[in-house]
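S.K.: Residue strings, one per chain:
Protein chains: 4
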Amino acid sequence: MRGPGEESVICDRFEGVFAALTTPFAGEGIALDGFKKNILRYNTTGLAGYVVLGSTGEAVFLADDEAEALTAAVREAAAPGKKIIAGASREATRSTSAFVNQLARLGADAALVKPPHYYKAAMTEDVLKRYFFDVADSAAIPIIVYNIPQNTGLPVEPRVIVELARHPNIAGIKDSSGRLSNLVEVIKGVRPDFSFLLGSGGLFLAGLLLGASGGILAAAAAVPEICVEIYSLFHRGRLVDARKLQIDLVPFNKALTETLGIPAIKHALDLLGYSGGPPRPPLRPLDESGKARVRELLEALGRLPGTGGPAAGWPA
Amino acid sequence: MRGPGEESVICDRFEGVFAALTTPFAGEGIALDGFKKNILRYNTTGLAGYVVLGSTGEAVFLADDEAEALTAAVREAAAPGKKIIAGASREATRSTSAFVNQLARLGADAALVKPPHYYKAAMTEDVLKRYFFDVADSAAIPIIVYNIPQNTGLPVEPRVIVELARHPNIAGIKDSSGRLSNLVEVIKGVRPDFSFLLGSGGLFLAGLLLGASGGILAAAAAVPEICVEIYSLFHRGRLVDARKLQIDLVPFNKALTETLGIPAIKHALDLLGYSGGPPRPPLRPLDESGKARVRELLEALGRLPGTGGPAAGWPA
Amino acid sequence: MRGPGEESVICDRFEGVFAALTTPFAGEGIALDGFKKNILRYNTTGLAGYVVLGSTGEAVFLADDEAEALTAAVREAAAPGKKIIAGASREATRSTSAFVNQLARLGADAALVKPPHYYKAAMTEDVLKRYFFDVADSAAIPIIVYNIPQNTGLPVEPRVIVELARHPNIAGIKDSSGRLSNLVEVIKGVRPDFSFLLGSGGLFLAGLLLGASGGILAAAAAVPEICVEIYSLFHRGRLVDARKLQIDLVPFNKALTETLGIPAIKHALDLLGYSGGPPRPPLRPLDESGKARVRELLEALGRLPGTGGPAAGWPA
Amino acid sequence: MRGPGEESVICDRFEGVFAALTTPFAGEGIALDGFKKNILRYNTTGLAGYVVLGSTGEAVFLADDEAEALTAAVREAAAPGKKIIAGASREATRSTSAFVNQLARLGADAALVKPPHYYKAAMTEDVLKRYFFDVADSAAIPIIVYNIPQNTGLPVEPRVIVELARHPNIAGIKDSSGRLSNLVEVIKGVRPDFSFLLGSGGLFLAGLLLGASGGILAAAAAVPEICVEIYSLFHRGRLVDARKLQIDLVPFNKALTETLGIPAIKHALDLLGYSGGPPRPPLRPLDESGKARVRELLEALGRLPGTGGPAAGWPA
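Chains as they are written, first to last, in our numbering: chain G, 1 to 316; chain R, 1 to 316; chain Z, 1 to 316; chain E, 1 to 316.
Keep in mind that the hints were calculated from the coordinates and are not lab data. Fair warning: this is a prediction, and the values are worked out from it, not measured in the lab. Possibly wrong hints are sitting among the right ones.
Any copy, or any two copies together, can satisfy a pair, since identical chains are not distinguished.
Here are the simulated DMTMM-like cross-link-like pairs (lysine to aspartate or glutamate), alpha carbons at most 25 Å apart as the crow flies [to be verified]:
id	residue 1	residue 2
1	Lys82	Glu125
2	Lys37	Glu163
3	Lys244	Glu68
4	Lys254	Asp126
5	Lys120	Glu258
6	Lys129	Glu288
7	Lys83	Asp241
8	Lys120	Glu157
Using the sequences plus the hints, can you model the full thing?
M.R.: Here's what the structure looks like:
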């Protein structure tokens, strides 16, 4: 495991900062043009790659053909070397397997898969293991397990992750639980090339310190430079600077992921010149007070032109 | 509101016992033949109607074309006068609306709709109300709100139901929360023709006493006669007899809905000569001990031939 | 088990309506005079007895000497035949045992005992059973298990209750969980003289129908006549009348036990001429809007003189 | 805020590692001799101080006179400069205030106070703030708020902590929630001398990185040297070494605080030559398999003589 100032010797892990992509909509459909333009701009940053069809991408609101079009589009627009992870969760084993492979054909490098969670009481550890093993067995690309109990109501416990990690085609976990103890327990028990990707932007630096290989961050859709810089400062051993950036990021990250949610990410994108736009109903656009709050938070991060905030020297 | 021994004066409510239908599978597909045979047999009972594509029907595991075929099949097989309620929940407003109307075209009399629940933190009461009102506005058939927090992780509170009941196209609620206090609070606040359908077989009689109009019961897929008899005894004022049946039903009902789940319902169907079969993965068929338990519970209810149980005199 | 219209053949059960007593305070101390006056007035009703030192009695705020004085006072003031149940929960086994027997010496007929719940993760079913068995072994009076997970965070599951009921000195359960399924599961498994006392006023009638022996009700501290009448009507087979009373009671009961809480019970007592008074801090007296709501709810029940509400004919 | 390698300029904060003391029992009483011997040995380590009457100390099982004797004993045995924090939580405001001041008279430097949590529904943010302000107003020593929702069932949210921190006599928070996001949110909003003490041994280093001033750790009762070394390495900028120790500590810490609990801490103490002993019922001593697990975990940490584990060079 690498620490600050150490060289990496492992190549296959998913490392670095991945942006959790939003899905721009236009009228009743998706706005593929805006989606691709966002990616072209992300290509100029130090992002390691992109996650399409995740929670931030409103994947649960998309038809299958929309999901496929988005996956093909990110493949087409992504710069060489940027990895593409695609959300591919369904409730039935067979549906997930089929969808994983369809997205693989369209260019995904890995699939992000949540536990089935509608029949919570039936999802014992054995059933979950069988599900992930079956999906991984049939998948043309590596599987990344996605733990997000605040949305699914079903945590995947660290001891289950450790067992899943024995499957050669289960490559890692994205953990959005906010419980860093998961990270430490998992890392003690898995092979060194297993990827641990943080899903909590506010805990990114702490997670890196404890051995996370990277993060899949909603904040990285809006302020990729800051997230990449935290990662970079950490690996150059500049902990004090990294910490300052991390702490500054917290209020913005909390608004994006807890209090205001996806509409706030999309409004931040609009303010920053990306293609954001409204969410799909039943989600609603921000009201004026929410919009003002997003602007204020971006100003505090120095990400809006002319505001002269503390980080005004950041590259646009 | 009717009590035991009183005449009904309301005609449009969903009243009586509805069977929550299972979905028989055959290999990779659905077994429409078995599904229809089940309904033909149910037609001979006092069931008020059928719920297709519910939680018991493994709706979350079905492709859209399978869901449509099942809805058309139940419409075709159902005897005249049997009402058909179809589960039509999606996460996006537009998807739910479209699916409700597609199922209406295929013969559904009403649609059962859960709250969207993936983005739990964003599902404020206002957002939920807007969602249900939008769906009801565009729906060709009445909407029945479906409260099942143990699966969705998102309760629909009684005060929200009371407000939803003001919409002329929101016809009722199915409540599977197990909290009878919901019933009493809702009934105090809604119009007299609003339907309150219990989803908890163990609380069916108590719910009737407090004013429920009926139930949508998993137990009614396996032992419709017992559920119908509880309803009938209650309305004839024979509380003591109704209570005995209700209490006898509890262990079987608990196995079906809590401890053993859908595979137990399907195994009970197999034992009783219906078309049951295995669930779809990741759900698993019962192991031998589970099967023995289902047999034992059916014997205790006198529903298996030759066992001479306490209710052996029941009509087959 | 008795049903409506049947004769009781069991004598030792705790049956009927028990008032969950409040604790009137005066300055820094307890107001024993007011407390006893309340009981003298309750003596004129059909209440089966009294629960002192329960959740309604703010027992967690009382010093041991206050608790002892209240127990002695209720014993002294209670009319012959009224049973006295005293809350005696502590976290350590030895402390609970000692307190149970101290309250027994002061006149309690039975002790109400919650599970220890601070160390939730350690309170396995085995540990809970050992705790209750140890307490019951050493107790001079019968133990009634108290299940109130909304306050303790630790449900006592029906299967545990069934095992506890095998101990000859564990006489019953008070269930405030609001889950009537508990009742049905417990009653199927316990000896006929085991008492099941409902703690949810809104579910009282439904619980009686399913076999509850009675209730310990906060509402019975304010409107004992209504609670007693529900019980009486049920046992005379007058279900329709009982149901009307039950449904009318729900909004008041919900305010007392959920939305406004103990301060509302005490304010209702003040309005009705009992000794209510303020709660102990950190609980706070009702604000004006809460007081108005309590008055309005009592008027709707016809319990305030001169209001001519629907139940104005009730005895004062 | 200090980072690795920076000098501290703040003097009044509670900083460093505090051992959460256990309470040794002897027969029916407490074993003050063993308790004091433990402290004399702790005095030789780099611990910043001691927490008596905390969750680890089985405070909820102690009589008031026992609690007072333990506080006096730790004051007597503690080396000069070791700070003493005493748990002083009661449910009633008046009781907590009185107990805080009684423990202050016996030598406590600060009081650790949980939110009252029995009447959860009544404990609004306003009520909690009033409670802590009232206690702090009357307290002769500083108050440290104690957030341990897994035991209380009542989280104290970061925004509440930020408001409590405005009171000059509320000196800090001990957070055992396991949610490091709490830390970051609190630290952004409080004065620089407000103490943030981690209660989660597995997150200690990550918390220090994000600005925690120290920790109150159950693990520090058994292996104070390791906890102190993590703190020291962090402040000397030796992150890679600190991280190794932190990760090694995780399995032992998890056994002490989650899977095996207080009996495991006490058994570890016995193995290490401290005075451990059995817990008070209803807690139970470890069974043989639990004891073997504790031994194995201590051996893995190199803390048992003769085992030659990876840290065998640690001072005894």
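S.K.: With identical chains, the pair Lys129 and Glu288 could be close in the same copy or across copies; at 25 Å between alpha carbons, which is it: within, between, both, or neither?
M.R.: Classified as between; 21 Å across copies, 46 Å inside a copy.
S.K.: Is it within, between, both, or neither for Lys83 and Asp241, if the alpha carbons may be no more than 25 Å apart?
M.R.: neither (27 Å within a copy, 32 Å between copies)
S.K.: As a check of your reading, is Lys254 near Asp126 (CA-CA no more than 25 Å) within one copy, between copies, both or neither?
M.R.: Between copies, since 22 Å is at most 25 Å while 34 Å is not.
S.K.: At most 25 Å between alpha carbons: which applies to Lys120 and Glu157, within, between, both or neither?
M.R.: This pair counts as both: shortest intra-copy Cα distance 14 Å, inter-copy 19 Å.
S.K.: Is it within, between, both, or neither for Lys244 and Glu68, if the alpha carbons may be no more than 25 Å apart?
M.R.: neither (39 Å within a copy, 43 Å between copies)
S.K.: One pair to classify: Lys82 and Glu125, alpha carbons no more than 25 Å apart. Within, between, both, or neither?
M.R.: Neither. Shortest intra-copy (34 Å) and inter-copy (41 Å) distances fail the 25 Å Cα cut-off.
S.K.: Is it within, between, both, or neither for Lys37 and Glu163, if the alpha carbons may be no more than 25 Å apart?
M.R.: neither (40 Å within a copy, 43 Å between copies)
S.K.: Within a copy, between copies, both or neither: which one fits Lys120 and Glu258 at a CA-CA cutoff of 25 Å?
M.R.: So Lys120 and Glu258 pass the 25 Å test inside a copy (23 Å) and across (10 Å) alike.
The structure does not agree with the numbered hints 1, 2, 3, 7 stated previously, though it agrees with the rest.
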